[in-house]
Amino acid sequence: NAGVTQTPKFQVLKTGQSMTLQCAQDMNHNSMYWYRQDPGMGLRLIYYSASEGTTDKGEVPNGYNVSRLNKREFSLRLESAAPSQTSVYFCASSEVTGAWDKNIQYFGAGTRLSVL
Amino acid sequence: LAKTTQPISMDSYEGQEVNITCSHNNIATNDYITWYQQFPSQGPRFIIQGYKTKVTNEVASLFIPADRKSSTLSLPRVSLSDTAVYYCLVGAEDDKIIFGKGTRLHILP
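Those sequence lines, one after another, are chains S and L.
Using the working numbering, the first residue of the first sequence is number 1, and each one after it goes up by one.
Using the working numbering, the first residue of the second sequence is number 1, and each one after it goes up by one.
Isolated chain S, as found in the complex (with noise of 0.2 Å):
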């Protein structure tokens, strides 16, 4: 099984170029996540996903778009790179969402993002 899936592995802009990250899942999860980690911290929630359809902003959502495809797919869009958008970007899947269920989640490689 290849799990959650990202492409590309790594990736070089200018600033104000933009760019698509792309992150697919074949688990058959209804929530989707990305993530940014800067080095040496922890990882924050940029935007999430509940289910196919709906999307909702995480903690650091601004400069980001996102489009949930379908169920498999949840791409993330940066519009006009900067240089504080230099960081790694995962992706995550997990079946269930909420504090109520048992909320495991699935991650992806990463993209290698510099914004130059």
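Calculated directly from the structure, the hints in this document are not laboratory data.
There could be a bad hint or two in this list.
[Stated by the list, open to error] Away from chain S, derived, C-beta distances all over 10 Å, residues of chain L:
#1 7
#2 15
#3 25
#4 60
#5 67
#6 69
#7 76
#8 82
#9 98
#10 107
[As the list claims (entries may be wrong)] Pair by pair, the computed Cβ-Cβ distance ranges are:
#11 L:5 x S:39: 20 to 26 Å
#12 S:41 x L:21: 18 to 24 Å
#13 L:9 x S:44: 15 to 21 Å
[Stated by the list, open to error] With a Cα cut of at most 25 Å, we get these calculated SDA-like pairs of lysine to any residue:
#14 L:101 x S:71
#15 L:54 x S:9
#16 L:101 x S:60
#17 S:57 x L:54
#18 S:9 x L:98
Just so it is clear, CB atoms sit at the ideal spot from N, CA and C, and this is done for glycine as well.
Put chain L on the given structure of chain S with help from the hints.
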């Protein structure tokens, strides 16, 4: 949202048992306690989850006292490959699981 507190870093030696304790004083009745492991340049990986008492799997054990205000992840006989960051997570706020900075575990030869 139940906030968690765990040590920033720990060192141990190969072959030792390592215990990482997480405090979560405000844990809610329905919250589960979940631990993740993250190796350098990889995404976090689920290790273990529990609600009360003790849970054991092939990787680790999780000890949760009766009041559930803390939990301890136990890694038996660690090796160099257990060097990683370990995250303790409890509950969620509005469907959002929040990761803290975790505990950076360094295993020495």
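Checked hints:
1. With a least beta-carbon separation of about 14 Å from chain S, residue 7 of chain L lies farther than 10 Å from that chain, consistent with its non-interface assignment.
2. Even its closest Cβ contact with chain S, about 28 Å, leaves residue 15 of chain L beyond 10 Å, as expected for a residue assigned away from the interface.
3. For residue 25 of chain L, the non-interface assignment is confirmed: its Cβ lies about 16 Å from the closest Cβ of chain S, beyond the 10 Å cut-off.
4. Every beta carbon of chain S lies more than 10 Å from that of residue 60 of chain L, the smallest distance being close to 15 Å; the non-interface claim holds.
5. No beta-carbon of chain S is positioned within 10 Å of the beta-carbon of residue 67 of chain L; the least distance is around 18 Å.
6. For residue 69 of chain L, the non-interface assignment is confirmed: its Cβ lies about 16 Å from the closest Cβ of chain S, beyond the 10 Å cut-off.
7. Every CB of chain S is more than 10 Å from the CB of residue 76 of chain L (nearest about 22 Å), matching its label as outside the interface.
8. Under the 10 Å C-beta cut-off, the non-interface status given to residue 82 of chain L relative to chain S holds; the minimum distance is some 18 Å.
9. Residue 98 of chain L, annotated as away from the interface, has a beta carbon of chain S within 10 Å; the closest lies near 7 Å.
10. No Cβ of chain S approaches the Cβ of residue 107 of chain L within 10 Å, the least distance being about 19 Å, so the stated non-interface status holds.
11. Taking the beta carbon of each, residue 5 of chain L and residue 39 of chain S are about 22 Å apart, inside 20 to 26 Å as hinted.
12. With their beta carbons about 22 Å apart, residue 41 of chain S and residue 21 of chain L fall inside the hinted range of 18 to 24 Å.
13. For the hinted restraint 15 to 21 Å between residue 9 of chain L and residue 44 of chain S, the CB-CB distance of approximately 20 Å keeps it satisfied.
14. With a C-alpha separation of about 30 Å, the suggested pairing of residue 101 of chain L with residue 71 of chain S is violated against the 25 Å cut-off.
15. This hinted pair does not check out: residue 54 of chain L and residue 9 of chain S have alpha carbons roughly 38 Å apart, beyond 25 Å.
16. Among the hinted pairs, residue 101 of chain L with residue 60 of chain S is consistent with the structure: their alpha-carbon atoms are about 16 Å apart, no more than 25 Å.
17. At most 25 Å may separate the alpha-carbon atoms for a hinted pair to count; residue 57 of chain S and residue 54 of chain L exceed this at roughly 35 Å.
18. A hinted pair counts as satisfied when its Cα atoms are at most 25 Å apart, and residue 9 of chain S with residue 98 of chain L qualifies at roughly 24 Å.
In summary, the structure is inconsistent with hints 9, 14, 15 and 17 from the numbered list given earlier, while agreeing with the others.
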